[in-house]
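Student: The primary structure of each chain is shown beneath.
There are 2 protein chains.
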Amino acid sequence: MVTIVHKYGGTSVGSVEKIKNVAKKVAAVRAKGNKVVVIVSAMGHTTDELIDLMHQITKEPHPREYDMLVSTGEQVSAALLSLALQEISCPAISLTGGQAGVETEDIYRKGRIKNIKLKRIEQELKEGKVVIVTGFQGIDSKGDIITIGRGGSDTSAVAIAAALKADVCDIYTDVDGVYTTDPRIVTEAKKLKTISYEEMLELASLGAQVLHPRAVECAMVYGIKIHLRSSTKDIEGTYIREGNKMEVKKAVRGVALDKDIAKIGILKVPDKPGSAAKLFKALADAKINVDMIIQSVHSAGSQADMAFTVGKGDAIRALEITKNIAKAQKAEGAVCDTEVEKVSIVGTGMISQPGVAAKMFEALSSKKINIEMISTSEIKISCVVTAGQGKKAVAVLHKKFDLGK
Amino acid sequence: MVTIVHKYGGTSVGSVEKIKNVAKKVAAVRAKGNKVVVIVSAMGHTTDELIDLMHQITKEPHPREYDMLVSTGEQVSAALLSLALQEISCPAISLTGGQAGVETEDIYRKGRIKNIKLKRIEQELKEGKVVIVTGFQGIDSKGDIITIGRGGSDTSAVAIAAALKADVCDIYTDVDGVYTTDPRIVTEAKKLKTISYEEMLELASLGAQVLHPRAVECAMVYGIKIHLRSSTKDIEGTYIREGNKMEVKKAVRGVALDKDIAKIGILKVPDKPGSAAKLFKALADAKINVDMIIQSVHSAGSQADMAFTVGKGDAIRALEITKNIAKAQKAEGAVCDTEVEKVSIVGTGMISQPGVAAKMFEALSSKKINIEMISTSEIKISCVVTAGQGKKAVAVLHKKFDLGK
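Going down the list, the sequences are from chains A and B. Note that my numbering has the first sequence beginning at 562, numbered continuously upward. Note that my numbering has the second sequence beginning at 562, numbered continuously upward.
Incorrect hints may have been included.
Any copy, or any two copies together, can satisfy a pair, since identical chains are not distinguished.
[As the list claims (entries may be wrong)] Below, computed lysine to any residue pairings styled on SDA-like, alpha-carbon distance capped at 20 Å: (1) Lys703 / Glu683; (2) Lys678 / Gly704; (3) Lys703 / Glu688; (4) Lys579 / Gln617; (5) Lys842 / Ala823; (6) Lys678 / Lys703; (7) Lys703 / Gln684; (8) Lys680 / Gly704; (9) Lys579 / Leu614; (10) Lys829 / Gly894; (11) Lys678 / Ser702.
Quick caveat, the hints were computed from the structure, so don't treat them as lab data.
Let's have the full structure, built from the sequences with the hints guiding it.
Tutor: Set out below in structure tokens:
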């Protein structure tokens, strides 16, 4: 008997009709003799509606009450899916995160999953039921409801799959797989049959908003095979799993575009040890996620320029902090540029194939696209370009690396 | 330091504006140095909307999933009220039934409250917070969510007040107290300053839909004083408490009208021992609540007619069951009349004042209102009359017993 974990996102359970369709698919999988656990998100815009209500009361909600409020969204969709399954004579039960044994850190709004006590889930599976678990939530040591932050339901699904040692974690979504790049930008974009955790991680981090990096990370740690697939079309999607050497024929597997970035520059910082540390400590204290960092030393050798990127939403706060640090360190000043985009190529094959970076820069230059910043990892190269040039950059890179074939 | 329990119904928390108003009132009571626990219902029509969604999926929901679904309504309003209190700098925390320690029987949709573990509520009160508890729900021994049936939030409030040994349980609602009869029927209807548990119990059972009988019963058992009052007007309402002999000057305290009844008759039942028992056992097995029962023996002595009343919603099922029993017992048949109403007078003073029934019948007869059935208890007399005559009956009785003075 095979244990399968399904995850359905908010769009997939966005209406009563859609919930009934999901029930049919789930019941069919159970009818084949599988044990099935389904993780659901809140219906469509439920979470946004709850947050709207909340914002009419307060702009700065206490995170505990925020969790208490928004966690109801998943509880509603879980109960409705359970009822829809029962209606077509498929035994089912819905469980809140707490009832399902999902234990998190004592941190509201972004507690990480610490442990999953499987007793209840296993008991219900043993009784032949489909077990539906509310995604995105668990409980802490006090029994308080904790939501687990962005990408929560994907992470819930993978964590439960890991705890159950499930054979596969099917993540149903509104796209039908992982593509070499965004098919809306490049029509030749090709769906990948498989992709390694590492590659998916880089793509997910880079704005290919298909699957949250936390979920991929969790799957990688526990070796859970993810099948990312369409909730409406009954076709194979993309398997995310352990990298397979045989398949790494191409150095580059995908191209990603991220428009949600801003560039902050700090100019002519006296080049003393610890000056960068002070800046990035201050940003970290303000919970601002910094992505790319570049430092260039002036020819004189005593002053450096630094630049880094953050999400657009953090740009103003990051600039403020950077200005204060600049003043304290007697730098010339700080500037912010939100008119930038980041284009990246990803592939585990890069490690063994030299010249990939050169090929990328060449391709961009052939289209007169100026590179403002570069950062590289073992399996990724990212370039910051001027806003509006990202699409063109993606297209030329997709062609250059033969991804459409 | 005084401990006060407030309960706000669905209408009172029906919008963001109303929730903000409730927060102001609650904060003011806390500011006077009181410990405050607030029990809330779901916002306005939330529960109905959830049930609507559910009915698009199934007409016969599994009660466990029903509870899982509808309990989210109270969780939303509790979290929003907590946020509204925090927004005006009043420390607050919302708790689900389970978090608040409300333990119920293992019966979905109508579990009674078995026990309240006060640890969490007391700890939060100690820290100076207003504690908001979701009404209408608790958890069973498995940790499943249990809703506690009709009148649930009132009962939650009284039970928590009892456990806390609270000084008073303020039930805020959309009427401003208990009246001698429905003011929409009789304009002279007078608000009562106090009423005994027993009287309130009879009035509540009789269709004066102000406060659920379960809540009154619970208050009576634990001696909790209830203050039933308006959520919009800042005036005294009606205190429901231990009967006070000094105040029982009038035999009759209130007149109630219940239109939600149907009369079932079973004709010429051979008068054997156990024939009534069989009928009412069958009705009980079908979970049909029977109210008044009358049996009249025919002059011959070997056959009896029986009649009883049920809620209109149960009429068809009750008639079916009665017909089957009639057939098995060789009775002549069974009939149903839904064109009836029940008018009742209530008052603890009746016990010591003879002639109250006669006075009632006389008043009805003076208006040519025919009485179809009569039932009496120590503090109540009910008469079934033809549909459409109830209002006239209430008016004449209200006048006859001087209730407007």
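Student: If a hint holds in the structure, say so; if it does not, say that too.
Tutor: So, going through the hints one by one against the coordinates:
In this assembly of identical chains, Lys703 and Glu683 lie within 20 Å of each other by CA distance solely across copies; the values are 14 Å between and 24 Å within a copy. Taking the shortest Cα distances, Lys678 and Gly704 sit within 20 Å of each other both inside one copy (14 Å) and across copies (14 Å). With identical chains, the CA atoms of Lys703 and Glu688 are at most 20 Å apart between copies only, with a shortest distance of 16 Å across copies and 30 Å within one. For the homomeric pair Lys579 and Gln617, the shortest alpha-carbon distance between copies (12 Å) is at most 20 Å, but the shortest distance inside one copy (30 Å) is not.
Taking the closest pair of Cα atoms, Lys842 and Ala823 come within 20 Å of each other only inside a single copy of the chain (19 Å); across copies the shortest separation is 75 Å, beyond that limit. In the homo-oligomer, the alpha carbons of Lys678 and Lys703 lie at most 20 Å apart both inside one protomer (16 Å) and across protomers (14 Å), since each shortest distance falls under that limit. Taking the shortest Cα distances, Lys703 and Gln684 sit within 20 Å of each other only across copies (12 Å), while inside one copy they are farther apart (24 Å). For the homomeric pair Lys680 and Gly704, the shortest alpha-carbon distances inside one copy (17 Å) and between copies (13 Å) are both at most 20 Å.
When the C-alpha separation of Lys579 and Leu614 is checked against a cutoff of 20 Å, the pair qualifies only between copies, where the shortest distance is 13 Å, while the shortest distance within a copy is 25 Å. In this homomeric assembly, Lys829 and Gly894 come within 20 Å of each other (Cα to Cα) only inside a single copy, at 8 Å, whereas the closest approach across copies is 102 Å. In this homomeric assembly, Lys678 and Ser702 come within 20 Å of each other (Cα to Cα) both inside a single copy, at 13 Å, and across copies, at 17 Å.
Figure legend: structure checked against the earlier numbered hints; every hint is met.
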